[in-house]
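With the hints as constraints, model all of the structure from the sequences given.
Number of protein chains: 2
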Amino acid sequence: MKKIILFLFILNCSINVIGQNELMKQYDLMPWPKEITENSAKFIINSDVTISINANDEKHRVRNAAISFLRRISNRTGVFLEQGFPLEKSKANVTIVFDEVAELNIHTDEAYTLVINDSSISINSRTDVGAIRGLATLLQLTQNDITQYYFPGITIKDEPRFVWRGLMIDVARHFQPINVLKRNLEAMASVKMNVFHWHLTDDQGFRIESKIYPRLQEFASDGQYYTHEQIKDIVTYADNLGIRVIPEIDVPGHASALLAAYPEIGSKDGFEYAVERNSGIFDPTLDPTNEKTYQFLENLFSEITPLFPDDYFHIGGDENEGKHWNENQRIQSFKKEYDLKTNHDLQTYFNIRLEKILNKLDKKLMGWDEIMTPNMPTTAVIHSWRGENEGLQNGGSLIEAAKHGYQTVLSNGYYIDRMLSVKHHYSVDPIGNIKLSDTERANILGGETTMWSELVTPLTIDSRIWPRTAAIAERFWSPQAINNINAMKKRLKKISFNLEELGITHIKNRDVILRNITDNQDIASLEILSKICEPLKIYQRNEDGVEYKTFSPFSLFADACVVDAEDAEGYSDLVSKFINQPDYSFALQEQLIRWARNHDAFSKLKMNPKLAHLESLSQSLSSSSQILLSSIDSKSLTMDELRDLNNHLKVLEKPHADVEVVIINSLRLLSEFCKTNYLED
Amino acid sequence: MKKIILFLFILNCSINVIGQNELMKQYDLMPWPKEITENSAKFIINSDVTISINANDEKHRVRNAAISFLRRISNRTGVFLEQGFPLEKSKANVTIVFDEVAELNIHTDEAYTLVINDSSISINSRTDVGAIRGLATLLQLTQNDITQYYFPGITIKDEPRFVWRGLMIDVARHFQPINVLKRNLEAMASVKMNVFHWHLTDDQGFRIESKIYPRLQEFASDGQYYTHEQIKDIVTYADNLGIRVIPEIDVPGHASALLAAYPEIGSKDGFEYAVERNSGIFDPTLDPTNEKTYQFLENLFSEITPLFPDDYFHIGGDENEGKHWNENQRIQSFKKEYDLKTNHDLQTYFNIRLEKILNKLDKKLMGWDEIMTPNMPTTAVIHSWRGENEGLQNGGSLIEAAKHGYQTVLSNGYYIDRMLSVKHHYSVDPIGNIKLSDTERANILGGETTMWSELVTPLTIDSRIWPRTAAIAERFWSPQAINNINAMKKRLKKISFNLEELGITHIKNRDVILRNITDNQDIASLEILSKICEPLKIYQRNEDGVEYKTFSPFSLFADACVVDAEDAEGYSDLVSKFINQPDYSFALQEQLIRWARNHDAFSKLKMNPKLAHLESLSQSLSSSSQILLSSIDSKSLTMDELRDLNNHLKVLEKPHADVEVVIINSLRLLSEFCKTNYLED
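Here the protein sequences line up with chains A and B, keeping their order.
Under my numbering, read the first sequence as residues 1 to 681, first letter to last.
Under my numbering, read the second sequence as residues 1 to 681, first letter to last.
Be aware that a few hints might be false.
The list treats identical chains as one, so a pair stands whether inside a single copy or across any two.
Capping the alpha-carbon separation at 30 Å, the derived lysine-lysine pairs in DSBU-like fashion look like this [said to hold, decoys possible]:
1. 268 to 89
2. 182 to 323
3. 604 to 493
4. 356 to 489
5. 182 to 232
6. 650 to 604
7. 211 to 232
8. 490 to 604
9. 604 to 42
10. 604 to 654
11. 403 to 435
12. 489 to 604
13. 604 to 25
14. 490 to 508
15. 59 to 232
Hints were generated in silico from the structure; no laboratory data involved.
Shown next as structure tokens:
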């Protein structure tokens, strides 16, 4: 009996998933909703579209979302609406109804239903936050034919899989102005993310104003910090979008900037603390044996926490190697006195002291997974980040934390600064096949993508966050079974385009950088190169952390290139098809012609030092493409040509200007094919 | 004797101007400096570039400008600098020396000298503001060869012609967020503009927070206003760039929004005041006979003026037709009682009352030129805006105001929202050939470009302000004799490109809009169209003020097009050359081929309602180009072809989607030529 039920269950799931995949061809929704059914209706978007909110919208979340909806619909379709604001007390064709205004926390109800008929659309939800999630879905549903834009007839019932769907932005390594944060908050809301984790301090900068400790902004920020008013502005802005804001003050390590301002709470007497300009892990660490450290943090947290209404407060706690602790005799004595065997034990002592301070301030302590030591109370929240690269198991400490009774959030697998493919990140499931009790499952709050900013500036940060984060947002929101890579990629293309509507600069800033590289010449040849190159991955771009300083140029070719290079995957598919059926080579040859000719265009540019870094890349791409092209065309390849080809492919295999040529495998396969089939004796 | 001196003077000027025109071919400086001489040196930009500031830079203006300089040089050249910040107490190769920190007012000394040698660069000035003007000049001088970037050997002595070089931004018709203002302040400073005139209120919105009168932001702003903190932030930001901020609260007219919040000080009892959504001149007007009006304004100004340290305060005062005054019996009685014959007299009474309030607050009253009435004291400052279009003489009331003893600023001729060519605006000189006494000349403070925002949003405002405003900035700074249009246009191309470095979006947002129009298809065919089309001029786009409401779409084809369309002028030159020498037609034909083929590409796009508006334009451009092309090629033209050609040109003569096809005259000339020379009987 059990078996039959299980079989039916699997069958049911499969049918459902197959059906979903069909629907995914038609609707570019992301994250994909829990339940979706079609009907034959069509709601035409014309000048008569009106919205009414039939609820007490006292935080104006829905009103503001509705205004934004009307502006975006109008700009997207070109329709001149008669009514630019939600109607008061009159009948509209888009009606929104909800029961209550939500407080944002891990229990906020975000479920909604959306029903589209010919002449009416309704969004129903328990909370205002659910309603704005429904509006975000509706916005993704605009379709058109030759004469009109419309919303297709559809019914959606939706709610999230995880309650914590976050994006962390590191504003310490490179400061990110308010408008960068605001546009990213908008983008987050558009894919239903609900936690902005604000990494405010690190070795390279302390970015939050303190009125009690003003040396922090004066000596630890290079003048780049957020005032209290600006923080309130961001928190309000986020709240309006249904997004919680979790601040992080990273202690006791990552403290070079803090200690440049207040060296007296550092662990090494006489050390010349200074704001760090390089990347890496550094020694400056707060002194956990000094009562002044706790006074300082208690005063600082007491000042800061009222700015952040959320229950959670992140204290970092990562990557403290304790070198300065080892070098300080007083700290060593303290450890003996308190029977703290290791530096981990000492850090746990520190964390427990901090938790008491935070509890007094009504905050839950959250920290990176190093804080999970045997003595750490389970009231702490574990932010799981380490994995195979840091000598732990894949998937990190998430499951272990949940089983030990900690609330926990996953970032291992979602480090978007490692410049890995969207496929890679999308394939990481926080739970996978692991069996958990209800309590254990409830401890797993969700996940966060992490945008560490050593190598990003306001010019490039969007193209590093998006569009990959939209796919990760789907992992956090949608049912686990929604995991078809191709269906995701097809939808992501549209979602990526829609992000531009919100001011996200990931598309337009590529050309800005290429114009800069050419000194305002024709960028067509560089565009072609940028579509087959990706920035070096897994921190290879700045391997020892000293090539790029915080003030180094970040307007280089690598900054114009993105992960999942536009022309690479398609070409890989063409090559596979060709090798199976060498008759069908038209598209493959067309692309080779484009690359073969490209160096000609590149060579016509007035040369400069920035372009010079790309010359051998451009040359070898064109030469190898030319050889392959003529070989495929003539079905012949001479030994001389093969030697030349191999030389050019060797050039393309090496990094150029901090990028890798990601079509290299495709070119190698073609080369092997030509060698095997066409080589002359 | 007099004649000889005059002759020598003219000769001297001419030689100088000819020499300047030669130098203009080499250096893309804008505004062009007062004196410039070359030497043979070359200062190489490598990783050793360092800056020191040898002065008491207590407002950090120079330090901040130097940091920004280092970042921009590094990003522009790709050079990894060793030092990312100005040196303290050590020797640098770029040294900046000045005598004192300036207060910003109309007497601020902005002169500087800049000397570039092989191994050192020095900037010397009397004030810190002069020093940052010198740094702006230096930034415009980067040059390069194949292997390096460098600054050319040069000596510049420079100072401005006018003390008031302003840009007005209207944030009432469309709100402009803080980051839009900041990037435009950066752009202003890069061309040495020094006044930001902030048009904060109008019928469509009251954009400044009041703690005394909170209904202003609650009921007159749609939630889009600046807090006091944000205003302080902008004022500080501007001050740091040597830019004064002049607020404008427009009264007694243009008051729909204000009166929507506080109807009790309006002129018409029982009128349903509401925030205006259309464009135009409206009736709501403050009641100048009501003491409450003056109490309100005194309280409001007392609250607001401390946010703006500048001496000047703009009260608007324009376009009050007094309709509601005429309709109010009480106001009519008041006029009789006080012997005020006309509404102008009544407004002068109002203005004089306001001036007393402002004087108490240590502010000078400034207003649009309607305030210049016989009884208005000469302590007021006249902002000259009306001209031939408003029934006054060309050049406006500037000279008259100066001769009457008023300080005065010119905006007539600099209304960039009229969408006229850069040539037009650049040719307007505030003084021209008019002879003025020293006192009269001193009354002419300078000029302001005006960015009225009925038809611009944050997406498009930069492309409406820039690059034309850079050329107008030169008119305000450089000697009057610097007026060669072609030399200006050549330099403006480079300056326009450099503006992108500061975040100005005038280049990149065109493609954003075209992507939106195509729903993310290939935009190449639309780019070609956008380069020969300009938005309708002189307010024809929204002739009655009601087609476009404040919430209408502004992401349409006209929003992607700009004044001085990229391909139009060059084509006009090609056509002139061809008509003189029909043998040389290669470039002309190449361009015709591009247009002839373009509709083919356009037709391949999946059609939508936005694209449909452009179909006849695209079709007729291609068809007419094809006919001209084959006629020129074959030296023949049939009657049928001529009829077709004329029909297509008629289509192109009409507005399409709110743009005009600005190559129409060139096509007409070609058509005439073919008709005259090639028509078959």
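Tested hints:
1. 268 to 89: between (67 Å within a copy, 28 Å between copies)
2. 182 to 323: This pair counts as neither: shortest intra-copy Cα distance 38 Å, inter-copy 43 Å.
3. 604 to 493: For residue 604 and residue 493, the Cα distance is within 30 Å only across copies (20 Å; inside one copy 33 Å).
4. 356 to 489: Classified as neither: same-chain Cα gap 46 Å, cross-chain 67 Å, threshold 30 Å.
5. 182 to 232: Both ways: residue 182 and residue 232 sit 12 Å apart in one copy and 20 Å across, limit 30 Å.
6. 650 to 604: Result: close within a single copy only, 25 Å intra versus 39 Å inter.
7. 211 to 232: Classified as both; 15 Å inside a copy, 18 Å across copies.
8. 490 to 604: between (36 Å within a copy, 21 Å between copies)
9. 604 to 42: Classified as between; 26 Å across copies, 52 Å inside a copy.
10. 604 to 654: Intra 25 Å, inter 39 Å, cutoff 30 Å: intra-copy only.
11. 403 to 435: within (11 Å within a copy, 89 Å between copies)
12. 489 to 604: Between copies only: 24 Å across chains, 36 Å inside a chain, cut-off 30 Å.
13. 604 to 25: between (43 Å within a copy, 22 Å between copies)
14. 490 to 508: For residue 490 and residue 508, the Cα distance is within 30 Å both inside one copy (21 Å) and across copies (26 Å).
15. 59 to 232: Answer is both; intra-copy 15 Å and inter-copy 27 Å each pass.
Hint check: violations occur at hints 2 and 4; the rest are consistent with the structure.
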